[in-house]
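Throw the hints in and build the complete structure from the sequences for me.
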Amino acid sequence: ANIFEKKQEARDRFFRVVEIGEFETDPAVWGKNFPDQYDAWKNTTTDYGNTMFGGSGKRDKLAENPRLKELYAGYPFSIEYNDERGHGWSLVDVKEIKRLGQNKPGTCMSCKSSDNVRLWKEMGPSAFYNTNMYKLDVKHPISCLNCHDPSTMDLRVANPAFIEAMEKRGVDLKKATRQEMRSYVCAQCHVEYYFESKKNPILHFPWKHGYTLDDMERYYDEEGFYDWVHPESGAKLIKMQHPDFELWSTGIHARSGVSCADCHMPFKRVGSQKISDHWVRSPLVNVAAACQTCHRWSEDELKSRVMAIQVRTRKLMDRSEEAIISAIRAIKTASDAGAGDAALEKARSLHRKAQMRWDYVQSENSMGFHSPQEAARLLGEAIDYARQAEVEAIKASAVGGKTARTAKRP
Amino acid sequence: ANIFEKKQEARDRFFRVVEIGEFETDPAVWGKNFPDQYDAWKNTTTDYGNTMFGGSGKRDKLAENPRLKELYAGYPFSIEYNDERGHGWSLVDVKEIKRLGQNKPGTCMSCKSSDNVRLWKEMGPSAFYNTNMYKLDVKHPISCLNCHDPSTMDLRVANPAFIEAMEKRGVDLKKATRQEMRSYVCAQCHVEYYFESKKNPILHFPWKHGYTLDDMERYYDEEGFYDWVHPESGAKLIKMQHPDFELWSTGIHARSGVSCADCHMPFKRVGSQKISDHWVRSPLVNVAAACQTCHRWSEDELKSRVMAIQVRTRKLMDRSEEAIISAIRAIKTASDAGAGDAALEKARSLHRKAQMRWDYVQSENSMGFHSPQEAARLLGEAIDYARQAEVEAIKASAVGGKTARTAKRP
Amino acid sequence: MTVTAMQKLAAALAGLLVGTGGFTFLYARGFSYLSDKPETCVNCHVMREQLDAWYASSHSSAAVCNDCHTPHPKVAKYLVKATNGIKHSTYFTLGNFHEPIRISSSNRRIVEQNCRRCHEHLVGAIHGSPDELSCLSCHVRAGHQR
Ligand SMILES: [Ca+2]
Ligand SMILES: [Ca+2]
Numbered sequence: 011a012n013i014f015e016k017k018q019e020a021r022d023r024f025f026r027v028v029e030i031g032e033f034e035t036d037p038a039v040w041g042k043n044f045p046d047q048y049d050a051w052k053n054t055t056t057d058y059g060n061t062m063f064g065g066s067g068k069r070d071k072l073a074e075n076p077r078l079k080e081l082y083a084g085y086p087f088s089i090e091y092n093d094e095r096g097h098g099w100s101l102v103d104v105k106e107i108k109r110l111g112q113n114k115p116g117t118c119m120s121c122k123s124s125d126n127v128r129l130w131k132e133m134g135p136s137a138f139y140n141t142n143m144y145k146l147d148v149k150h151p152i153s154c155l156n157c158h159d160p161s162t163m164d165l166r167v168a169n170p171a172f173i174e175a176m177e178k179r180g181v182d183l184k185k186a187t188r189q190e191m192r193s194y195v196c197a198q199c200h201v202e203y204y205f206e207s208k209k210n211p212i213l214h215f216p217w218k219h220g221y222t223l224d225d226m227e228r229y230y231d232e233e234g235f236y237d238w239v240h241p242e243s244g245a246k247l248i249k250m251q252h253p254d255f256e257l258w259s260t261g262i263h264a265r266s267g268v269s270c271a272d273c274h275m276p277f278k279r280v281g282s283q284k285i286s287d288h289w290v291r292s293p294l295v296n297v298a299a300a301c302q303t304c305h306r307w308s309e310d311e312l313k314s315r316v317m318a319i320q321v322r323t324r325k326l327m328d329r330s331e332e333a334i335i336s337a338i339r340a341i342k343t344a345s346d347a348g349a350g351d352a353a354l355e356k357a358r359s360l361h362r363k364a365q366m367r368w369d370y371v372q373s374e375n376s377m378g379f380h381s382p383q384e385a386a387r388l389l390g391e392a393i394d395y396a397r398q399a400e401v402e403a404i405k406a407s408a409v410g411g412k413t414a415r416t417a418k419r420p
Numbered sequence: 011a012n013i014f015e016k017k018q019e020a021r022d023r024f025f026r027v028v029e030i031g032e033f034e035t036d037p038a039v040w041g042k043n044f045p046d047q048y049d050a051w052k053n054t055t056t057d058y059g060n061t062m063f064g065g066s067g068k069r070d071k072l073a074e075n076p077r078l079k080e081l082y083a084g085y086p087f088s089i090e091y092n093d094e095r096g097h098g099w100s101l102v103d104v105k106e107i108k109r110l111g112q113n114k115p116g117t118c119m120s121c122k123s124s125d126n127v128r129l130w131k132e133m134g135p136s137a138f139y140n141t142n143m144y145k146l147d148v149k150h151p152i153s154c155l156n157c158h159d160p161s162t163m164d165l166r167v168a169n170p171a172f173i174e175a176m177e178k179r180g181v182d183l184k185k186a187t188r189q190e191m192r193s194y195v196c197a198q199c200h201v202e203y204y205f206e207s208k209k210n211p212i213l214h215f216p217w218k219h220g221y222t223l224d225d226m227e228r229y230y231d232e233e234g235f236y237d238w239v240h241p242e243s244g245a246k247l248i249k250m251q252h253p254d255f256e257l258w259s260t261g262i263h264a265r266s267g268v269s270c271a272d273c274h275m276p277f278k279r280v281g282s283q284k285i286s287d288h289w290v291r292s293p294l295v296n297v298a299a300a301c302q303t304c305h306r307w308s309e310d311e312l313k314s315r316v317m318a319i320q321v322r323t324r325k326l327m328d329r330s331e332e333a334i335i336s337a338i339r340a341i342k343t344a345s346d347a348g349a350g351d352a353a354l355e356k357a358r359s360l361h362r363k364a365q366m367r368w369d370y371v372q373s374e375n376s377m378g379f380h381s382p383q384e385a386a387r388l389l390g391e392a393i394d395y396a397r398q399a400e401v402e403a404i405k406a407s408a409v410g411g412k413t414a415r416t417a418k419r420p
Numbered sequence: 005m006t007v008t009a010m011q012k013l014a015a016a017l018a019g020l021l022v023g024t025g026g027f028t029f030l031y032a033r034g035f036s037y038l039s040d041k042p043e044t045c046v047n048c049h050v051m052r053e054q055l056d057a058w059y060a061s062s063h064s065s066a067a068v069c070n071d072c073h074t075p076h077p078k079v080a081k082y083l084v085k086a087t088n089g090i091k092h093s094t095y096f097t098l099g100n101f102h103e104p105i106r107i108s109s110s111n112r113r114i115v116e117q118n119c120r121r122c123h124e125h126l127v128g129a130i131h132g133s134p135d136e137l138s139c140l141s142c143h144v145r146a147g148h149q150r
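Protein chains in written order, with this note's numbering: chain G, 11 to 420; chain H, 11 to 420; chain Z, 5 to 150.
It is worth saying that the hints were derived from the structure and are not from the lab. Note that the structure is predicted; figures quoted are calculated from it, not measured. C-beta: ideal position from N, C-alpha, C; glycine also. Incorrect hints may have been included.
Straight-line distance between alpha carbons at most 20 angstroms, and here's what the computed EDC-like set of lysine to aspartate or glutamate pairs gives [what the hints assert, rightly or not]:
#, chain 1, residue 1, chain 2, residue 2
1, H, 284, Z, 56
2, G, 363, H, 332
3, G, 284, Z, 124
4, H, 313, Z, 103
5, H, 284, Z, 53
6, G, 284, Z, 136
A few chain G positions that, by computed beta-carbon distances, are all more than 10 angstroms from chain H [what the hints assert, rightly or not]:
#, residue
7, 33
8, 252
9, 319
10, 333
11, 398
Partial pick of chain H residues on the chain Z-facing surface, computed with a CB cut under 7 angstroms [stated by the list, open to error]:
#, residue
12, 303
13, 305
14, 359
Below is the structure:
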């Protein structure tokens with residue numbers, strides 16, 4: 011089509027069919043003004059199939075990788091743990107998941123619904139976190155209000171934990187550039203988090219010293235923080251959660267100013283309009299728009315570049331898991347052999363360091379793509395700490411009297 | 011130069027002042043026809059300083075990293091080992107190096123002089139390899155004849171070992187593209203190699219199964235090949251040598267068709283001509299020409315991107331070295347404690363696997379830059395095998411009667 | 005508005021005032037800066053790469069050099085052409101410019117404005133000013149296929 015004919019349509023743009031209220035949580039209402047974005051958003055409940063390591067399937071991670079049950083033993087993630095799917099599923103999935111059963115705190119809703127933006131205002135965050143999740147008055151999954159200011163349609167962050175964390179880092183969100191906002195809206199949720207305490211489950215992000223694993227470990231160690239004690243090894247462990255933003259921030263794309271939205275919500279052309287694709291999903295099913303504007307390689311070539319990176323990562327994950335399981339079993343053997351807490355302290359703290367690094371990559375969602383070399387570095391460290399834990403445990407059990415030849419390999 | 015001269019130069023191309031003979035080994039003669047390339051080539055003896063991990067300094071690797079003496083114990087590389095410098099130094103350095111003293115076979119000259127191209131013809135490779143290196147009639151360091159066909163000036167490979175290896179891989183060098191030749195000429199030398207035997211030091215490249223470490227390991231294991239037995243651990247080890255071509259071939263640049271010459275011999279403008287910069291050196295002292303034709307980032311930004319990759323690699327190298335040394339000492343302790351060969355066999359073969367992987371990255375010259383994630387993967391594996399060796403040794407020594415608590419950490 | 009020969013001449017004369025630069029400006033048919041034919045840019049061989057890359061780009065059929073590299077409306081256009089012309093001529097004569105050649109931030113801004121000028125109908129509503137979201141951060145190869 012000739013570019014000048016289009017001048018016509020150019021005049022009529024988004025009509026304001028309805029006024030969108032300050033706390034309008036229903037995407038259908040927003041959709042009256044922005045039907046294209048709304049239709050795309052609705053697709054986030056469409057099952058577009060699985061990629062090698064991602065995709066929209068509700069894959070059962072515990073069934074796909076039996077090692078996870080032993081690694082997460084004693085923690086809810088050993089009960090049920092699935093690969094995530096589109097934003098439209100968030101409400102259903104958080105309600106149905108068996109983890110924590112009916113005792114989920116309101117905190118679990120923080121990243122699952124547009125209604126929480128309203129509730130944080132009405133109830134205040136603290137009351138929200140301390141209400142049973144199933145008692146919260148929520149109707150809608152993640153949608154418009156989580157990312158937009160209805161009056162201007164500008165991007166906006168609403169999650170109090172993110173705002174607090176950035177303040178503590180001395181980042182002035184008012185000064186954030188538009189390109190930064192195209193990642194910050196995602197960083198409200200796709201990040202490592204922790205609860206202030208089981209009794210008072212206020213939501214926080216461990217970013218005091220920075221975004222790298224080493225920074226977060228330093229913070230957790232200073233606080234003497236841990237999520238649970240591993241029943242077999244007795245180590246005080248931390249469950250890492252989807253640090254997508256943190257890993258991305260160490261990578262070459264972040265360094266090059268490439269935002270989450272660039273790849274997961276690329277612009278697309280709808281008739282004579284250019285809009286952001288609100289069907290947030292794996293870029294591997296949308297390579298043309300997601301990658302080819304910047305990379306001139308073919309779709310197949312780009313996909314296999316991603317796969318090459320992901321397979322390397324997966325191989326190191328396998329090694330890490332085997333190493334950590336060997337450590338767990340060696341520590342168990344040692345304590346059975348009579349080694350005491352003092353003798354096992356070193357082995358246990360090494361297990362903590364190893365599992366933290368492995369879980370950081372495991373719970374991150376790109377199988378290393380967001381920062382390939384950093385993911386590999388962390389897995390290398392995980393292996394080192396895990397095997398050192400095994401060594402320490404074997405020495406301890408030797409003291410404990412028996413040799414550890416009985417320790418089995420996974 | 012002003013614009014008149016430019017239009018002038020544009021007309022005259024290279025004059026053939028002299029005819030260059032089929033086996034002209036003297037770069038000065040070639041230089042009569044191609045003064046710009048010759049002048050730049052002469053610069054390869056210029057000391058342009060050191061970068062963080064590279065540069066032109068004849069850095070004493072053994073002094074900079076004391077661990078190397080223990081890792082290479084019992085092998086010539088523990089006697090003298092320096093960082094390489096420009097091509098113009100090759101002849102001096104190979105003659106002066108203490109490794110193998112006066113008993114160097116001719117094979118050592120294979121990659122050090124333009125005269126070997128003539129000698130392979132005159133003597134035949136086998137006689138060349140079996141002549142004492144100091145008795146070979148060589149005058150010139152690496153120069154024109156190593157990479158060029160004097161009649162056409164096309165790129166040409168002359169090293170019989172490379173030609174043989176590529177034939178075995180089923181690669182038809184006659185069909186090689188110009189871009190491939192821009193890496194193949196380097197791959198005559200910047201590769202892992204081995205001697206058929208100490209008695210008959212014919213030069214070969216271990217590429218039967220491919221270029222990756224795993225491929226080469228498979229080949230060496232099939233052949234039961236090893237360079238020396240480590241005096242402390244008793245493991246049969248292989249010394250890896252500058253696998254620059256092999257590591258590069260696993261990286262994103264190779265995959266994107268970027269050749270060695272693109273970065274190490276970038277085109278530069280001389281008057282109105284673009285010629286290849288024959289001052290082959292670290293691209294970090296030549297970022298504008300070497301990188302900015304493809305990358306729009308500033309010189310400082312590009313340098314710090316490289317540094318970020320190299321520092322990550324170096325950190326994993328430190329861990330690998332500590333892990334391997336722990337393994338060596340644990341095996342030593344075990345055999346001192348009376349553990350026999352049978353009991354230590356497993357630990358020793360694990361030491362072999364670990365050291366092979368670490369040395370591959372160590373002896374490669376870009377500190378991981380040529381393929382960041384692959385280098386990290388190999389170091390992660392090196393750590394895994396080394397710590398497993400330590401575990402096996404400790405178990406063996408427990409059998410041997412004593413515990414291994416005495417095994418010291420480096 | 006249309007451009008008078010006067011304005012073109014004025015711009016060219018502006019070039020003449022600057023010593024060697026001005027001289028080269030004429031010699032190298034610096035008037036090419038006042039023409040819209042892409043080939044004329046290549047009176048300087050150093051522009052050859054960009055010409056070839058432009059031919060290969062999606063825009064060779066849509067836009068010529070000056071559509072992107074000179075601002076509109078036209079008065080400003082001829083001033084920028086003259087100043088760029090003199091700047092480049094000087095560099096060219098002295099030969100001491102950064103290679104690979106890189107667009108200056110001011111000229112990058114002009115390009116950005118031209119992207120928006122032509123694509124207003126499509127991106128006007130969603131893409132704000134260049135400092136907000138740069139077209140080139142994504143469409144780096146629009147004008148020159150690399
Ligand atoms: Ca998914
Ligand atoms: Ca060097």
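Holds or violated: residue 284 of chain H with residue 56 of chain Z, Cα cutoff 20 angstroms? 16 angstroms, holds
task: Quickly compare the C-alpha distance for residue 313 of chain H and residue 103 of chain Z to 20 angstroms and report which way the hint goes.
output: 17 angstroms, holds
Beyond 10 angstroms from chain H, beta-carbon-wise, is residue 333 of chain G? For residue 333 of chain G, whose nearest Cβ neighbour in chain H is about 6 angstroms away, the distance does not exceed 10 angstroms, so it is violated.
Assess, step by step, whether the Cα of residue 284 of chain G is no farther than 20 angstroms from the Cα of residue 136 of chain Z, and give holds or violated. 17 angstroms, holds
Q.
So residue 33 of chain G supposedly isn't at the interface. Is its beta-carbon more than 10 angstroms from every beta-carbon in chain H?
A. 43 angstroms, holds
The hint names residue 305 of chain H as touching chain Z; please verify it with the least Cβ-Cβ distance against 7 angstroms. 10 angstroms, violated
message: For residue 363 of chain G and residue 332 of chain H, compute the direct alpha-carbon distance and say whether it is at most 20 angstroms.
response: OK: residue 363 of chain G and residue 332 of chain H at ~18 angstroms, within 20 angstroms.
Would the stated hint for residue 303 of chain H survive a check requiring a Cβ distance to chain Z of less than 7 angstroms?
Constraint on residue 303 of chain H satisfied, holds at 5 angstroms.
message = Over 10 angstroms from every CB of chain H: does residue 252 of chain G meet that, or does the non-interface label fail?
response = 21 angstroms, holds
* Is it true that the CA of residue 284 of chain G sits at most 20 angstroms from the CA of residue 124 of chain Z? -> Measuring from Cα to Cα gives roughly 11 angstroms; hence the hint holds.
**Message:** Would the non-interface assignment of residue 398 of chain G survive a Cβ cutoff of 10 angstroms against chain H?
**Reply:** 7 angstroms, violated
Closest CB of chain H to the CB of residue 319 of chain G still more than 10 angstroms away
Incorrect as stated: the minimum Cβ-Cβ distance to chain H is 6 angstroms, not above 10 angstroms.
Checked against the numbered hints listed earlier, the structure breaks hints 9, 10, 11, 13 and 14; every other hint is satisfied.
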